[in-house]
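Residues per chain, in single letters:
2 protein chains.
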Amino acid sequence: MKNKLYIVGIGSGDRKSLTLKAIEVIQTCDMIVGYKRYIQYIEDLIEDQEIFSTGMKKEIERCTKALECAREGKKVAMISSGDAGVYGMAGPILQLKAEKFPDVDVEVIPGITAMNLGAAALGAPLMHDTAIISLSNLLTPWETIEKRLEHAAAGDFVIALYNPRSNGRPHLLKRARDIIAKHKQLNTPVGIVKHAGREKEELFLSTLKDFNDEWVDMNSIVIIGNSCSFISNNLFITPRGYHI
Amino acid sequence: MKNKLYIVGIGSGDRKSLTLKAIEVIQTCDMIVGYKRYIQYIEDLIEDQEIFSTGMKKEIERCTKALECAREGKKVAMISSGDAGVYGMAGPILQLKAEKFPDVDVEVIPGITAMNLGAAALGAPLMHDTAIISLSNLLTPWETIEKRLEHAAAGDFVIALYNPRSNGRPHLLKRARDIIAKHKQLNTPVGIVKHAGREKEELFLSTLKDFNDEWVDMNSIVIIGNSCSFISNNLFITPRGYHI
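Protein sequences appear in the order of chains A and B.
Everything in the first sequence is counted per the working numbering, starting at 1 for the first residue and increasing by one.
Everything in the second sequence is counted per the working numbering, starting at 1 for the first residue and increasing by one.
Take these hints with a grain of salt, some might be off.
Put simply, identical chains are the same to the list, so a pair is met inside one copy or across any two.
With a straight-line Cα cutoff of 30 Å, these simulated DSSO-like cross-link-like pairs (lysine-lysine) come out [to be verified]:
hint: 1; residue 1: K200; residue 2: K4
hint: 2; residue 1: K209; residue 2: K58
hint: 3; residue 1: K194; residue 2: K4
hint: 4; residue 1: K194; residue 2: K75
hint: 5; residue 1: K74; residue 2: K16
hint: 6; residue 1: K147; residue 2: K174
hint: 7; residue 1: K74; residue 2: K200
hint: 8; residue 1: K200; residue 2: K75
hint: 9; residue 1: K182; residue 2: K75
hint: 10; residue 1: K194; residue 2: K174
hint: 11; residue 1: K147; residue 2: K194
hint: 12; residue 1: K174; residue 2: K16
hint: 13; residue 1: K57; residue 2: K194
hint: 14; residue 1: K4; residue 2: K16
hint: 15; residue 1: K75; residue 2: K174
I should point out that these hints are in silico values taken from the structure, not numbers from a laboratory.
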């Protein structure tokens, strides 16, 4: 369909974590819009489609361009890493659509997020109720993040931390850990996955007491267990009441 | 690779929500194990593979059979709907592996869950921190579920409810709603998606005050916004601090 913008989650892992639908949209669109690095991940799927890519922090420019081109009659694919609907580009695009482009048809194609790829690499840590929290305070006040960490830990949720550490805010993960440790046992399992689902994937299994935040970078996902989680044979498992 | 069990998430939507990796494993294994209805979803991908399927509530029997056959030398694919690692079969299989089958190699292949497909259909409700809670009290005491609902609502999380309603426990969704409404405004958006990602998908957009729990069944996912979420032009959006 022409005159349409697809927001395509390309997954956080390698090529094989893409869905059939994502590949179909990329291969049949007229134009691909995205952050440079994400376009590189799918370069071999692109034939003669027009490409519009920009660097980091140009999100709104990219979103506006994608909507303008769809309005002009193109079938546009906006590429988002992971799932476009989880801390991705679906939000700003749909906000822009609501305010300035109500006539443009938009469809979100979900992808596999870092949390799900990371969990699969660690074992089965997400088998019970889970709170997903981003530690990035670029777009969210730290007080809000702290409040959510408190409640997630007090509610005995498994906790998945996105954007757990960057050069600009290396100390936030330690602060998050201290808040969580007020409510969870110090021997609670912690799993860290760098580059989940990619060839250079790296795993670390530890506990709230012992994990080293130097193992963590921007490309990591951190998963902290609930009160029933355990590590056995290098597998991080959160049980769910089955009698084994 | 022989002597290996793959736990394959086939996504919660239609064929196009499968990943390339899931399809590759299904097509190259010797044996497929799963709940009858899930096997039907992928029937056309199966050639001459052996099939072992059973009905509901036979989970542990299926898991044990899958591990036994992998131990005997087969390449086995255990099919799980959605993502095997989210309230799926990855947990019990890895628990069994840890206790009785430490020699069997197991790999989890993640899939797209109902939450992500449902969110994509509704707009962009999961753009900020989200708590995932199952309302099924078959394997979890209701007091634990209530405690998590309290904390998720008090922490201003977006809340995604799995297993929101069944014939055996039709009243739990109302009780969950009442707990959440103690902490969230009554005009907070609520989105309900039945059969997310499938042809018969149905959407309902409403609010905590007005949503009707009769719209919800076992095959639904319910998403409740945070204090910034809004509905505009039939899109459920949770903003994330971008200046639009």
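Task: Indices of hints not satisfied (ascending) - done: 2, 9, 12 and 15
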